[in-house]
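K.L.:
Here the protein sequences line up with chains A and B, keeping their order. Residues 12 to 462 in the working numbering are what the first sequence lists, from first letter to last. Residues 6 to 488 in the working numbering are what the second sequence lists, from first letter to last.
Calculated from the structure, these hints are not laboratory results. We put the CB at the ideal spot given by N, CA and C, even for glycine. Errors might be hidden in some of the hints.
[What the hints assert, rightly or not] Dumping the calculated DSSO-like pairs for lysine-lysine here, alpha-carbon to alpha-carbon at most 30 Å:
hint : chain 1 : residue 1 : chain 2 : residue 2
1    : A       : K265      : B       : K386
2    : A       : K33       : B       : K187
3    : B       : K386      : B       : K297
4    : B       : K482      : A       : K34
5    : A       : K34       : B       : K290
6    : A       : K347      : A       : K265
7    : B       : K187      : B       : K482
8    : B       : K187      : A       : K347
9    : A       : K33       : B       : K386
10   : B       : K187      : B       : K297
11   : B       : K187      : B       : K290
[To be verified] Reference listing, derived: stretches of chain A covered by chain B, where coverage requires no fewer than 3 residues with Cβ under 8 Å from a Cβ of chain B:
hint : stretch
12   : 126 to 139
13   : 156 to 168
14   : 289 to 301
15   : 311 to 322
16   : 372 to 378
17   : 435 to 442
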Amino acid sequence: MTDMPISTAPKRSLYAQDARTKKRNRAEARFRTYGMAAVLTGILALIVLLTSILGNGLSSFRQTYISYPIELAAERLDPEGNRNPEEMASVTTFGYVPVLAMSLQAFLEGEGIEHSMGGRELAAMLSEEAPAQIRNMVLANPDLIGTTIDAQILVGGRIDGFFKGRVTMESAERDRNVSVAQLELAQVLADLGIVETRFNWDFITWPDASGSRPEAAGLGVAIIGSFYMMLVVLALALPIGVAASIYLEEFAPKNRLTDLIEVNISNLAAVPSIVFGILGLAVFINFMNFNQSSPLVGGLVLTLMTLPTIIIATRASLRAVPPSIRQAALGLGASKMQSIFHHVLPLAMPGILTGTIIGLAQALGETAPLLLIGMVAFVREYPDFLSTHSNTFPLMGDGATALPVQVYSWTQRSDPAFVERASGAIIVLLVFLLMMNLIAILLRRRFERRW
Amino acid sequence: MLWILLALIFLGLLGYVLGRQRAVASASGDVRELHSLPNYYGLNVTLLTLVPALLVLGLWLIVQPIIVERTVAGQIPASFMEQVENPTLLMTEVRRLAGGIETAIERGFLNVEDAANLASDTDIRAQLAEAGVALGADVSTEVLAAAQDFRAMNATGATWMLIVVFALAFAGLAYSYVRTHKDLRARNRVEYAILSILMIASTLAILTTVGIVLSMLWDTRNFFQLYPWQDFFFGLEWRPSFEGGSELGLIPLLWGTLYISLIALLVAVPIGLFAAIYMAEYATKRVRSVAKPLIEVLAGIPTIVYGLFALITVGPMLRDYFAQPLGLGDSSSSVMTAGIVMGIMLIPFVSSLSDDIINSVPQTLRDGSYGLGATQSETVKQVILPAALPGIVGAVLLAASRAIGETMIVVLGAGAAARLDLNPFEAMTTVTVKIVGQLTGDTDFSSPEALVAFALGLTLFVITLGLNIFALYIVRKYREQYD
Chain A
12 MTDMPISTAP KRSLYAQDAR TKKRNRAEAR FRTYGMAAVL TGILALIVLL TSILGNGLSS
72 FRQTYISYPI ELAAERLDPE GNRNPEEMAS VTTFGYVPVL AMSLQAFLEG EGIEHSMGGR
132 ELAAMLSEEA PAQIRNMVLA NPDLIGTTID AQILVGGRID GFFKGRVTME SAERDRNVSV
192 AQLELAQVLA DLGIVETRFN WDFITWPDAS GSRPEAAGLG VAIIGSFYMM LVVLALALPI
252 GVAASIYLEE FAPKNRLTDL IEVNISNLAA VPSIVFGILG LAVFINFMNF NQSSPLVGGL
312 VLTLMTLPTI IIATRASLRA VPPSIRQAAL GLGASKMQSI FHHVLPLAMP GILTGTIIGL
372 AQALGETAPL LLIGMVAFVR EYPDFLSTHS NTFPLMGDGA TALPVQVYSW TQRSDPAFVE
432 RASGAIIVLL VFLLMMNLIA ILLRRRFERR W
Chain B
6 MLWILLALIF LGLLGYVLGR QRAVASASGD VRELHSLPNY YGLNVTLLTL VPALLVLGLW
66 LIVQPIIVER TVAGQIPASF MEQVENPTLL MTEVRRLAGG IETAIERGFL NVEDAANLAS
126 DTDIRAQLAE AGVALGADVS TEVLAAAQDF RAMNATGATW MLIVVFALAF AGLAYSYVRT
186 HKDLRARNRV EYAILSILMI ASTLAILTTV GIVLSMLWDT RNFFQLYPWQ DFFFGLEWRP
246 SFEGGSELGL IPLLWGTLYI SLIALLVAVP IGLFAAIYMA EYATKRVRSV AKPLIEVLAG
306 IPTIVYGLFA LITVGPMLRD YFAQPLGLGD SSSSVMTAGI VMGIMLIPFV SSLSDDIINS
366 VPQTLRDGSY GLGATQSETV KQVILPAALP GIVGAVLLAA SRAIGETMIV VLGAGAAARL
426 DLNPFEAMTT VTVKIVGQLT GDTDFSSPEA LVAFALGLTL FVITLGLNIF ALYIVRKYRE
486 QYD
C-alpha cells in the first residue's frame with residue numbers, strides 16, 4: 012500500500028460557498044442593485060416632476076368669485092342719460108370701481124356683516140379685472156343701466172390665493188397687497204356662500220392679463236397661436252418631408268450630392284433649437300420683413316426644425332415596405348412613379364403619420380426659437396386666421412404667443428400667483444402632448460403590419 | 006393675395022379639364038389610342054399652367070420688398086440721413102407710415118386722392134390716429150416723401166406682378182393645350198416634373214444648413230467689425246451695456262455652459278448607463294415593458310417643463326437644504342440646479358442609445374463569457390462594456406451636444422450672472438441664455454450688444470456640429486466591427 016498524499020486543503024462542501032465565491036456573488040448582487048436603483052431613479056424623477064407640476068398647477072383651473080347685487084347707477088355710468096353705447100364708452104374702467112365698491116359696501120351693511128375696512132381697502136378685494144368685466148357687460152347691453160344685477164365677478168389674486176392655501180394670515184401681515192382684515196372678511200363671505208371657488212373655464216379661453224391681475228390671465232391667445240403654428244407645420248413639413256424622403260429612398264442615385272443631403276439631415280436633427288431661432292430671426296424677420304411674433308413665422312421656423320424628424324421616420328417606413336410590392340406593380344406595367352404613389356406610399360402611410368405626429372408634438376413643446384422671433388410679446392387680441400391689418404402678412408400674420416412661451420413669460424413676472432398659472436399652462440400643454448402621443452400609439456397599433 | 010391663388014388654382018383646374026378633353030378628342034374618344042392615361046394629359050396642362058406662374062409669384066413676393074426698400078432708402082436725401090439719429094429705424098418709420106396710410110384708405114378715412122396729396126404740414130399723425138393707426142413720432146417731409154414713394158412703387162410692383170403672373174399662367178395653359186395630342190408622351194412629362202419637385206424638396210435640408218451658416222456668418226462679420234475678435238474669444242468679462250463700452254468676452258459664458266453640461270453628464274451618464282444595462286441584461290420582459298416606456302416619457306417632455314421644475318422645485322430645494330446650511334450661497338438658480346435637471350432630461354437619451362448599443366453586442370460574446378464561469382456582472386463589465394464602449398462614448402458625446410445647446414432649462418434654472426467661479430451653488434450663465442437675453446425685447450441690430458448673439462450662435466453651432474460629427478463618426482466606426 013502506498014501512502015495516499017494527505018490533502019492539506021480543508022475539506023469543502025460544494026454546497027457552502029468559499030470566500031471568493033461569496034465576494035463575487037455579492038458583487039453581482041450589488042451590480043444588479045445599482046441597475047435597479049438607476050431605473051427607479053429615472054422613474055422617481057418622472058414622478059416627482061409630474062407631481063410638482065400638478066401640485067402647483069391644478070389649482071389654476073379653479074378660481075374664486077364673489078357674487079352680490081351690483082347696482083348700476085345711471086348717474087355714474089351714463090351721465091348723458093341717452094343709453095348710447097358710444098357715449099357710455101367715455102366712462103372708463105376706472106369709473107366702474109366705485110360702483111362695484113359702493114354696491115359691496117351696501118350689501119355688507121344690508122346683511123349686517125361687520126368689518127373694519129375703509130372703502131378703498133374693501134374695493135381692493137375685487138380683481139382689477141372685475142370693473143372691466145362689468146363694463147363690457149354694460150356696453151354690450153345698455154339696458155342694464157339703472158338696474159341691479161347679480162353678477163359673479165373675480166376677486167383679487169391674493170384673496171384667490173387665500174382659498175387655495177397660497178396666502179395665509181401670517182404671510183398677509185408681511186404683504187403690502189393684502190391685509191388680514193380682507194382675508195377675515197373673505198372667510199366670512201365664503202362661509203355664507205357669497206364667495207366661492209369653482210371650476211374656471213376662463214383660464215383656457217381668456218387672453219393673457221397684465222402683471223398685476225394674475226387672476227384674469229388665461230391661455231386663449233396662446234392656444235390659438237400654437238394651433239396656427241401646428242397648422243403651418245403640418246401643411247409644410249408633411250408634404251415636403253414626404254417628398255424629400257421619397258426622392259432619397261426611391262430615386263436618388265448614390266452620389267456625393269445625396270450623401271451630402273443625408274449628412275445634412277442627420278446633423279440638422281441635432282442642431283440646438285435656438286440656432287433655428289436665430290435663422291428665423293435673420294431670414295424671416297430681418298431679411299423678408301415678416302412681422303414679429305406672428306404664428307406664420309413661428310410655424311416656418313418649427314417646420315425647418317421638424318423636417319428632419321419627419322424625413323427620418325418616413326424613410327424608415329418606406330424602407331419597411333417589402334420590395335415585392337414594388338416589383339409586383341412594375342411587373343404589371345406600372346411606371347416607377349405609379350408603383351410608389353399607388354402602392355408603396357399608401358402602405359407606408361401609418362408609419363409616416365406616426366412620425367409626423369411625434370414631430371408635431373416636439374414642435375408644440377418647443378420654446379427657445381420662438382423667444383427669438385418675438386413671440387414673448389404681450390398679446391391680448393385673439394389672432395385672426397386671415398389677418399385684417401394691412402401691414403401684416405395676410406395669412407396668420409397677427410401677433411400671437413404660444414403655449415410654452417406663455418409659460419416662460421409667466422415665470423418672468425413678479426407676482427407668485429403666476430407660478431400657479433405657469434404650472435397650469437404646462438398641464439394644458441402636457442394634456443395636448445399626451446393626446447397626440449396616444450393618437451400616434453393607436454395609429455401604430457391599429458395599422459402596423461409585419462411583412 | 007388669396008384671390009390670386011384662388012384664380013390660379015381655378016386656371017389649373019380648367020387646364021386639367023381642357024387638356025383631358027382635347028386628348029380624348031384627338032383620339033376620337035378611344036382612350037386606347039392615347040400614349041398615356043387621359044388624366045396625365047390634364048395634369049400636364051395643369052402643371053405647365055401653375056408651376057411657372059407660382060414660381061414667379063413666390064420669387065416676386067420675396068424680391069420686390071427688397072428692391073423697393075433699397076430704392077426708397079437710396080432716394081432719401083443724404084443731408085437728411087445725417088440729421089437722423091438712427092438711420093436703421095428710419096425705414097421702419099417709412100414702412101409704418103406707408104402701411105398706416107393704406108389702412109386709413111381701407112377703413113374709409115382717406116380717399117385715394119387725398120392720400121396722394123397728404124402734405125407734411127397737416128397733422129398726419131392725428132389724421133391717422135383717427136383711423137386707428139398709431140405712429141411713433143411726428144412725420145417729417147422726407148419721411149412722408151419716402152413713404153409715398155414706397156407706396157407708389159409697391160402699387161406698381163403689385164400691378165406688374167399680377168400682369169406677369171397671369172400672363173405666364175395663360176401662356177402655359179395655351180401652349181400646353183395646343184401641344185396636347187394623343188401621341189404626346191404626357192405621363193413621362195408629368196413624372197419628370199414630379200421627380201423634379203421631389204428633388205427640390207430634398208435639397209431643402211442643404212438650404213437650411215446654408216441658411217443657418219450664412220445668416221450667422223453675415224452678422225458675425227458685422228459684429229467683428231464693431232468689436233475686436235480677440236476680445237470676444239479671449240475676454241474674461243461679460244458686461245454688456247447699451248450705452249457703449251461693453252465688454253463681451255466669451256470665456257465666462259463658455260465656462261458656465263461647460264460646467265453645467267459636466268454636472269448634467271455626471272447625473273445622466275451613470276444613471277442612464279446603469280438603467281440601460283439593467284434593462285438589457287437583467288430585467289424580465291414585464292419589467293422592461295413597463296420601465297422602458299416610463300423612462301422614455303422623460304424624453305418627450307418639453308424642456309420648458311424641466312425649466313419650470315428647476316425654477317419652482319429643484320432650485321428652492323437645493324438652496325434651502327444644501328447651499329444655505331453649507332454656507333455656499335443663497336441663490337436658487339445655480340449651476341447645480343440647472344445641471345441636475347438637465348441630467349434628468351438626458352437620462353432617457355443616454356439610456357435608450359446605450360440600450361440599443363448593448364443589445365447589438367452579439368450573443369456569442371455573452372455565451373462565451375458565461376461558459377468560462379463569469380457571473381452576469383463580470384460579463385457586463387469585462388466583455389459587453391468594452392465591446393460597446395465606442396458606441397457608448399458616441400452616445401455620451403451626443404448627450405453632451407444636447408446639454409450644450411439646451412436653452413430653456415438654463416434660462417430658468419441657471420441665472421443670468423456671467424462669472425468664472427467654481428462654486429456649483431452660484432448662479433452662472435451660458436451661451437444660450439445670453440443669446441436669448443441679447444435678442445429678446447427691442448433690439449437695435451446695428452449695435453454690438455445685439456450682434457454678439459449671432460457670434461455666440463455661430464460658436465454654439467460649430468461646437469455642437471463638431472461634437473455630433475465626431476460622435477456619429479465613432480458610432481459608425483464601431484458598427485463596422487460586427488457587420
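K.L.:
Could you run down the list of hints and mark each one as holding or not?
P.N.:
We went through each hint and held it up to the structure:
Between K265 of chain A and K386 of chain B, the direct Cα distance comes to roughly 41 Å. Violation of the 30 Å bound is thereby established for this hinted pair. Only pairs whose Cα atoms come within 30 Å are accepted, and K33 of chain A paired with K187 of chain B is rejected, the gap being roughly 88 Å. Simply put, K386 of chain B and K297 of chain B have alpha-carbon atoms about 22 Å apart, close enough for the 30 Å limit, and the pair holds. With a C-alpha separation of about 37 Å, the suggested pairing of K482 of chain B with K34 of chain A is violated against the 30 Å cut-off.
Using a Cα cut-off of 30 Å, the hinted pair K34 of chain A and K290 of chain B holds, with the two alpha carbons roughly 28 Å apart. Restraint check for K347 of chain A and K265 of chain A: the C-alpha separation of about 18 Å stays at or below 30 Å, so the hint holds. Our distance criterion of 30 Å between C-alpha atoms is broken by K187 of chain B and K482 of chain B, whose separation comes to about 56 Å. A hinted pair counts as satisfied when its Cα atoms are at most 30 Å apart, and K187 of chain B with K347 of chain A qualifies at roughly 22 Å.
For the hint linking K33 of chain A to K386 of chain B, the alpha-carbon distance of about 18 Å falls within 30 Å, and the restraint holds. Among the hinted pairs, K187 of chain B with K297 of chain B is inconsistent with the structure: their alpha-carbon atoms are about 60 Å apart, more than 30 Å. Note on K187 of chain B and K290 of chain B: the hinted pairing is violated, with a Cα-Cα distance of about 63 Å set against a maximum of 30 Å. Residue count for the stretch 126 to 139 of chain A with a Cβ under 8 Å from a Cβ of chain B: 0. That is fewer than the three needed, and the coverage hint is violated.
By the rule of at least three residues with a Cβ nearer than 8 Å to a Cβ of chain B, the coverage given for the stretch 156 to 168 of chain A is violated, with 0 such residues. A count of 9 residues in the stretch 289 to 301 of chain A with a Cβ less than 8 Å from any Cβ of chain B is obtained; the coverage claim is therefore met, three being the minimum. Taking a C-beta to C-beta cut-off of 8 Å, the stretch 311 to 322 of chain A contributes 4 residues in contact with chain B, enough for the three needed, and the coverage statement holds. Residues of the stretch 372 to 378 of chain A with a Cβ under 8 Å from some Cβ of chain B number 5, which satisfies the need for three, so the listed coverage holds.
Only when three residues or more bring their CB closer than 8 Å to a CB of chain B does the claim for the stretch 435 to 442 of chain A stand; here the count is 3, and the claim holds.
The earlier numbered hints that this structure contradicts are 1, 2, 4, 7, 10, 11, 12, 13.
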